[in-house]
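Now for the letters of each chain:
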Amino acid sequence: MFRNQYDTDVTTWSPAGRLFQVEYAMEAVKQGSACVGLRSRTHAVLAAANKAASELSSHQRKVFRVADHAGVALAGLTADGRVLSRFLRNECINHSFVYEAPLPVSRLALRLADKAQVCTQRSWKRPYGVGLLVAGLDETGAHLYYNCPSGNYFEYQAFAIGSRSQAAKTFLERRFKGYNDYTPEQLIKDALSAIKETLQGDKLTSSNCTVAIVGRKDDGTIEPFEMIDAKRIQEIIDSMEIAEEAPAVASSMEESSDAAPMDI
Amino acid sequence: MGSHAEGGSQAAGGGQTQRTQYPYVTGTSVIALKYKDGVIMACDTGASYGSTLRYKSVERIKAVGKHSLIGASGEFSDFQEILRYLDELTLSDHMWDDGNSLGPKEIHSYLTRVMYNRRNKFDPLWNSLVLGGVKKGPKGDEKYLGMVNMIGTHFEENHIATGFGNHLAIPILRAEWHEDMTFEEAVKLVEKCLLVLLYRDRSSINKFQIAKITTEGSTIYPPYSLKTYWGFSHFENPAQGAVGSW
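Chains as they are written, first to last, in the numbering used here: chain U, 1 to 264; chain L, 265 to 510.
I should point out that these hints are in silico values taken from the structure, not numbers from a laboratory. Keep in mind that this is a model prediction, so the values were computed, not measured. Wrong hints could be hidden among the right ones.
Okay, the calculated bits of chain U under chain L, using three or more residues with CB under 8 angstroms as the criterion [stated by the list, open to error]: (1) 136-142; (2) 201-207.
Here are a few chain L residues that face chain U, going by a calculated C-beta distance under 8 angstroms [claimed, not checked]: (3) 360; (4) 362; (5) 363; (6) 364; (7) 369; (8) 370; (9) 373; (10) 374; (11) 377; (12) 403; (13) 502.
Positions of the beta carbon are idealized from the N, C-alpha and C atoms, including for glycine.
Kindly generate the complete structure, drawing on both the sequences and the hints.
Below, the structure is given as structure tokens:
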């Protein structure tokens, strides 16, 4: 976007009724590397593309456990994201302390959104420059929310944020209708495929993505929010690639047995 | 939703305010036990003013939200205050309208925090609270019964009694309670305890209310009385063997 006379501070409206500082903050989210989230009725998965500042450094941590029943993946200013993760963790344990029960995910997302909104209405503050995918489990099932710097939040079946997330969103749009009945393994595979779309050519390996899952098994036991370890991610990626290559090999063999194209 | 009850310091500016140091209007025992379909709770409808049986139609068991019942013995005004806090809690929970609701365990936990915090400020809510309920959990219907008292002691059990009930009813409950009692069996057991309390607890009156909570909701039955027997020979002519003019 563009410099104009209404974008100096967050408490100035533009004549068109826009708060430019808030919109610029949402741009910051688009600069971060991609994250995707998806959920079924009983499980929610978060995945993030790992980006390292250089080959020498370790990659930025983008997926955080907030409580046993919830976690976040963030895109944008990760420093802001860390602070918000700490806030979310605090809210969850405060609630657990009083009620000895997990904070329902919708109420967690609301508290985060209200905190973000405050920063859009104080002249001495700036909006948080990070978008968060909040995934969690409560008594009404698995949930996925997207909280953006404006203080808005929505619930999603599947969503992607960050740079090149449009490719992932297109992938998810084609497939999300069946997600409610997906098994956890299917959700993880789709999350990895969605991340793969955002890598644009780079090979997907367990070192350039992080995946986390939370859910409830059929017998009622809770699987707490947990990152999936690299070895298992690599196994899943390998099994996905084998599944992709198999039909490709079959079709190329068919072509060679056809008659040669006619030369004119 | 979230913050627990404020302490006794209501006065703006100097001077500490104090509240219940001694109880004035008090309710006596509450009994509760788990049965097949949920939890049953019973107590008498009396509130004493010291040694006077002053109020005789007092409801000491109330429904809380969709899933719980609370019964209280001790200072009745403190119970009313607690009901107000629970009202605020359940109202804000209801207004969320998001499919989540406070179950008996959460309410018991919340009350424990409130009671313990007040005791730490030397300004207790002078009650023994019994919290019972049923809520659908991931593993099916889960019955819950617990109690918390004025010093913050809290626990969960299959049967609970407060006040004199601790001494007179608990031995009976321990001997005769078993898993999955029917409603009729549970009422009989409760009435047995209530009768003992009626005979032996000076502050009890012969007007009781039974309440139950199941997955279908809570029911507080109208008050009724128990039949008592006073026809012992010693009561017939008590002065019989007495020496002197009286």
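Here is how each hint holds up against the structure:
Under a criterion of three residues with beta carbons nearer than 8 angstroms to beta carbons of chain L, the stated coverage of the segment 136-142 of chain U is upheld, 3 such residues being counted. Look at the segment 201-207 of chain U against chain L: 0 of its residues bring a Cβ nearer than 8 angstroms to a Cβ of that chain, fewer than three, so the hint is violated. With 8 angstroms as the threshold, the beta carbon of residue 360 of chain L comes within range of chain U, its nearest partner Cβ sitting at about 7 angstroms, so the hint holds. Interface restraint check: residue 362 of chain L against chain U, minimum CB-CB distance 5 angstroms, threshold 8 angstroms, status holds.
The beta carbon of residue 363 of chain L is positioned within 8 angstroms of a beta carbon in chain U (closest approach about 4 angstroms), and the interface hint is therefore held. Checking residue 364 of chain L against chain U by beta carbon gives a least distance of about 4 angstroms; that is within 8 angstroms, so the hint holds. Using the Cβ-Cβ criterion of 8 angstroms, the hint placing residue 369 of chain L at the interface with chain U is satisfied: the shortest such distance is roughly 6 angstroms. The beta carbon of residue 370 of chain L comes within 4 angstroms of a beta carbon in chain U, closer than 8 angstroms, and the hint placing it at the interface holds.
The interface hint given for residue 373 of chain L holds, since its Cβ lies 4 angstroms from the closest Cβ of chain U, which is under the 8 angstroms cut-off. The closest approach between the C-beta of residue 374 of chain L and any C-beta of chain U is roughly 6 angstroms, which is under the 8 angstroms cut-off, so the hint is satisfied. Below 8 angstroms, beta-carbon pairs count as interface contacts, and residue 377 of chain L has one with chain U at about 5 angstroms; its hint therefore holds. At about 4 angstroms, the closest approach between the beta carbon of residue 403 of chain L and any beta carbon in chain U falls short of 8 angstroms, and the interface hint on this residue holds.
Interface restraint check for residue 502 of chain L: the shortest CB-CB distance to chain U comes to about 55 angstroms, outside 8 angstroms, so the restraint is violated.
The structure does not agree with the numbered hints 2 and 13 stated previously, though it agrees with the rest.
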